[in-house]
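So the sequences go chain by chain: A and Z.
The first sequence begins at 52 in my numbering and counts up one residue at a time.
The second sequence begins at 910 in my numbering and counts up one residue at a time.
Hints listed in this document are in silico derivations from the structure and should not be mistaken for laboratory results.
Here the structure is a predicted model, which means the values were calculated and not measured.
Heads up, a few of these hints could be off.
[As the list claims (entries may be wrong)] Here are the simulated lysine-lysine pairs, DSBU-like style, with alpha carbons at most 30 Å apart:
| id | chain 1 | residue 1 | chain 2 | residue 2 |
| --- | --- | --- | --- | --- |
| 1 | A | Lys279 | A | Lys108 |
| 2 | Z | Lys1234 | A | Lys281 |
| 3 | A | Lys114 | A | Lys53 |
| 4 | A | Lys279 | Z | Lys983 |
| 5 | A | Lys236 | A | Lys247 |
| 6 | A | Lys139 | A | Lys108 |
| 7 | A | Lys139 | A | Lys236 |
| 8 | A | Lys383 | Z | Lys1234 |
| 9 | A | Lys77 | A | Lys53 |
[Stated by the list, open to error] Here are the computed distance ranges between Cβ atoms for each label pair:
| id | chain 1 | residue 1 | chain 2 | residue 2 | range |
| --- | --- | --- | --- | --- | --- |
| 10 | Z | Thr1067 | A | Pro381 | 37 to 43 Å |
| 11 | A | Asn367 | Z | Ile1218 | 50 to 56 Å |
| 12 | Z | Glu1087 | A | Pro381 | 49 to 55 Å |
| 13 | A | Ser148 | Z | Leu1226 | 53 to 59 Å |
| 14 | A | Ala324 | Z | Ile1218 | 19 to 25 Å |
| 15 | A | Glu405 | Z | Val1085 | 42 to 48 Å |
Ideal placement from N, C-alpha and C gives every residue a C-beta, glycine not left out.
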Amino acid sequence: MKVIDAFMPSIVSVPLSRHACHCMVKKGDSVSEGQVIATIGGKSTLRCAVHSPVPGKVIDIAKMPLSDGSRFFCVKIETSGSFNYLGKHKAPQGEHSIIETLSGMGVLNTFDTSAEAHWCMAGSASHSLGRPLAEQCAATHAGGSIVVCLGDEDPTVKTTSLLAHIMAQEVKQGAAIIAQAVQAKRIVFIGEADIKDVYSNIDNTDAAVQFVASEFVRYPSAFQNDLKHKIEGITGEELFVDAQTMLTAVDAVVSGTPSMTSYVYVNGEAVRAKGLLRVRVGTPIRFLAEQCGGMDSNAAIIINGLMVGSSATSVNAPIDKCVKCVTFVPSKQLRSQGESECTRCGNCRWVCPERLSPDLLFQFVTGTSYGMEAERNMCTGCGLCNSVCPARLPLVQNIIGGVL
Amino acid sequence: MTMRLRPFVYAVPSVGRTATVTLACLTAMLTAFVIYVGAASIAQLSLVISCVLGSVISVLLYNFLRGRPFVRFKRSVILCAVVEGIITAMILPLSFPPLHAAVLVCVFTIAAKHLSVQESAMSTRSALNVSVLVACTAQIVGGESYSKVEVAATRLITPITDALNSGLFSLFSVTVPEEYISLFWTPAAASSLSCYFAIIVLLSSLVLNALNMAEGMVQAIFCFVYLLLVRIAGPALYGNADVISAALSGGLLFYAVFVLSCPGTLPMSRTGRVIYAASCGVLAFFIQKDGRQEGGIAYAILCGNIISILIQYIEDLWHNFVVSKMNASLTAQQNSHGLDSHGAEGVYDK
């Protein structure tokens, strides 16, 4: 399999972040490819930029449905004019540190893009869900380690593992760049055993390179808490990243290309073909389906995996930087999610990898039980309890929901 | 497009789907009974209908009394009520008055849900099986007064028996008498519908277990313990060690497949379920004896439900103990990393 460039849409809708986003364009403005159209505020002075993925004219700034089912403001740009980066190689301009470059180029850390984050354990700085990579690098202590996950947290998503196989050299180059940025002493790659030889060493880096073989067939196995148990000498302050983040970092630092694309694995029984596409941010989801031969009219759209993902409510929802996988599923295959009473089957207790009692935690959250705050904090949000509940109770949503 | 919550793939069938398949299996039994018995089945069908109505009305009434609007009812709730009603009718004595049956079902369903020791905002499943409650009450009230329905043996029994003996059992040098083969279909006389059509119950068990809709382990352990005791202790206590007859009479298979593992009455751990199933098997042996005391299994399951409550209490105690140890070790680990009590820095910032 190889990476294919997705169709270029005539109109893109660039989502603006919910976190203190400052929009720098207005309706009617002309923008060029790669131009900064918004900035995302961070905790520090490092602000992450949002770039226009296409040249053209801003036709609207309005709320529209996003890929996670929510609604938020998007900048709609009609494509016209010449491209500055597409098909061209540009060297980075000006003298900037790596972290400043990552900030200016809008690089996000896309490690662990589950619908509800479950990294609330043991205080790692790499607290994801699309956080600016520059901010995380600045918060990482020098002399530590970076961990590059080469597998997907959801077994139905294959993006990261495919990228790890197809674009290994770029991934390694990105790891070396980030290691230099955070002055890491160790780079740990966690991936399948068949790529061990490829990732055992990296040129042009002073950091020690380590490869940890791991199978990602069992779920869960690629979340941060699962990966920590596989690494020796873990301190809890490592920076966790994935292959896609490394590719974006290489484009930003080496080629001077802003973060305007996302690698998306398209699959599902409701489309004719599947494949790994490099998609411009803001591309409507229906474009991906058309490129894959069309989709069934009553298909459901699942973003980022059947276990940890979310459902999009519109085919016109735009792709953003955190979208790794789009699955088109026939609606009839999605099981009924109508709730019924708890049957006290015990399945949720058996399946919980943390050996919790999701049924009792659900009672605690609904206010009929007490004294389970500590146990609630142990929940990693894997969602296995939901998948084995015959009553189809929204267990993980209620348990985790109050934690965020 | 409809917004859905993750996950989008499930490993077990839903309550509604399980109830649908169970209803199909029970309908097959009822249909076979109607076809086989003919016009004489009207009285028994009226019993089934009254129990179903009583079950559905009790669910509606209970939720109305708790202030829950009717419009929020899911199809699965009604389906489960219908299934419970049919099961109750099939273990009640065949000649039990339908009106009395409806009232008993209604009263016991509401009372059991209200008094359930596991009741919470999430679950109103009764800790005691309502069907066996009603059946035991009916037997206590009526004693031995209920008449049995005598059903003539099918004319197909003889050729079927001959075919099996010549084609299958001859391989093991065994000849099975006609009476045993007939037990798979209809007993000579029985006091409840649960005693009929053991072959359909066996097929239902296969279907439900294959679809992961039944607790096969609980069913198997219950039957194994009961039949083992019949084989070992039966001769000494009852002068009879006929395992096949004990398995196919008294509604043992029906109780094992449809009644024993009623949701809400089972312990939640595997160990607890093994203990529960074995306890029910032992109790059934002493109450049902070797199958001659019809309806005894209902009492055994009722006693087993009470044991299950105790088992679940111990399970919760053990769980709290394990979690408290996990929490203590986690707190120690976090303190060694110098983190706050939430285990992360600023993770609750919004």
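So, going through the hints one by one against the coordinates:
Of the pairs offered as hints, the one joining Lys279 of chain A and Lys108 of chain A is violated, with about 46 Å between alpha carbons and a cut-off of 30 Å exceeded. With a C-alpha separation of about 23 Å, the suggested pair Lys1234 of chain Z and Lys281 of chain A falls inside the 30 Å cut-off, and the hint holds. Taking the CA atoms of Lys114 of chain A and Lys53 of chain A, the gap is about 35 Å. The hint is violated against a cut of 30 Å. Straight-line distance between C-alpha atoms of Lys279 of chain A and Lys983 of chain Z comes to about 43 Å, which puts the hinted pair past the 30 Å bound.
Straight-line distance between C-alpha atoms of Lys236 of chain A and Lys247 of chain A comes to about 20 Å, which keeps the hinted pair within the 30 Å bound. Straight-line distance between C-alpha atoms of Lys139 of chain A and Lys108 of chain A comes to about 22 Å, which keeps the hinted pair within the 30 Å bound. Our distance criterion of 30 Å between C-alpha atoms is broken by Lys139 of chain A and Lys236 of chain A, whose separation comes to about 34 Å. For a cut-off of 30 Å, the pair hint linking Lys383 of chain A to Lys1234 of chain Z is broken: about 44 Å separates their Cα positions.
Of the supplied pair hints, the one linking Lys77 of chain A and Lys53 of chain A is violated, its CA atoms being roughly 38 Å apart against a limit of 30 Å. The given range of 37 to 43 Å is broken by Thr1067 of chain Z and Pro381 of chain A, whose C-beta atoms sit roughly 51 Å from each other. A beta carbon spacing of about 54 Å between Asn367 of chain A and Ile1218 of chain Z agrees with the range 50 to 56 Å that was offered as a hint. The hinted window of 49 to 55 Å between Glu1087 of chain Z and Pro381 of chain A holds, with their beta carbons roughly 52 Å apart.
At about 57 Å, the beta-carbon gap between Ser148 of chain A and Leu1226 of chain Z stays in the expected band of 53 to 59 Å. Roughly 56 Å separates the CB atoms of Ala324 of chain A and Ile1218 of chain Z, a value that falls outside the hinted 19 to 25 Å. Distance hint check: the CB atoms of Glu405 of chain A and Val1085 of chain Z are about 53 Å apart, inconsistent with the given range 42 to 48 Å.
Of the numbered hints given earlier, the model fails hints 1, 3, 4, 7, 8, 9, 10, 14 and 15; all others are met.
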